[in-house]
Amino acid sequence: MTDSTDRRTLLRQLRIRFPIVQAPMAGVSTPALAAAVSNAGGLGSLGVGATNADGARKMIRDTRALTDRPFNINVFCHRPARADAAVERA
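For the record, in the sequence shown the residue sitting at position 47 is 149 according to our numbering, with numbers rising by one throughout.
Hints in this document: simulated from the structure, not taken from any laboratory.
Bear in mind the structure is a predicted one, so any value in this text is a computation, not a measurement.
Do not rely on the hints blindly, as some may be mistaken.
Claimed, not checked - Only pairs whose alpha carbons sit at most 25 Å apart, straight line, appear in this in silico SDA-like list of lysine to any residue:
id, residue 1, residue 2
1, Lys-160, Arg-171
2, Lys-160, Ile-175
3, Lys-160, Pro-172
4, Lys-160, Ala-187
5, Lys-160, Arg-191
6, Lys-160, Arg-117
7, Lys-160, Thr-132
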C-alpha cells in the first residue's frame, strides 16, 4: 500500500476531502469553527472537556445545525486527582 493509497483510505473513512483535522481545543473551539472546517472539506473538531454534559450537547447540536459533514468530539477522561500530603504542606 502506498502513502497516497493510505491517505485516500483515511479520507474515505472520515468522509473528508482534505487530510486536515482541526485541533479540538477545549474552551477555544466553537461550533462555528468546527462547522467551517468540516464544510471546507476537513474534519472540524470540538473540545468539550471544559464544559459539562449540557454544554457539550448544546455545542454538538449547534454544530449539527451548521453542517451536515462529519466532525470530531474530543472528551477528556481524567482520573480524579489524588491528594499528596507533602505537596499540600509545601
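Quick rundown of the hints versus the structure:
1. Lys-160 / Arg-171: holds (17 Å)
2. Lys-160 / Ile-175: holds (12 Å)
3. Lys-160 / Pro-172: Satisfied, since the Cα-Cα distance of roughly 17 Å is no more than 25 Å.
4. Lys-160 / Ala-187: Given that 25 Å is the threshold and the Cα spacing comes to 39 Å, the pair is violated.
5. Lys-160 / Arg-191: The hint is violated at about 41 Å.
6. Lys-160 / Arg-117: holds (24 Å)
7. Lys-160 / Thr-132: It holds: about 11 Å lies between the C-alpha atoms, which stays within 25 Å.
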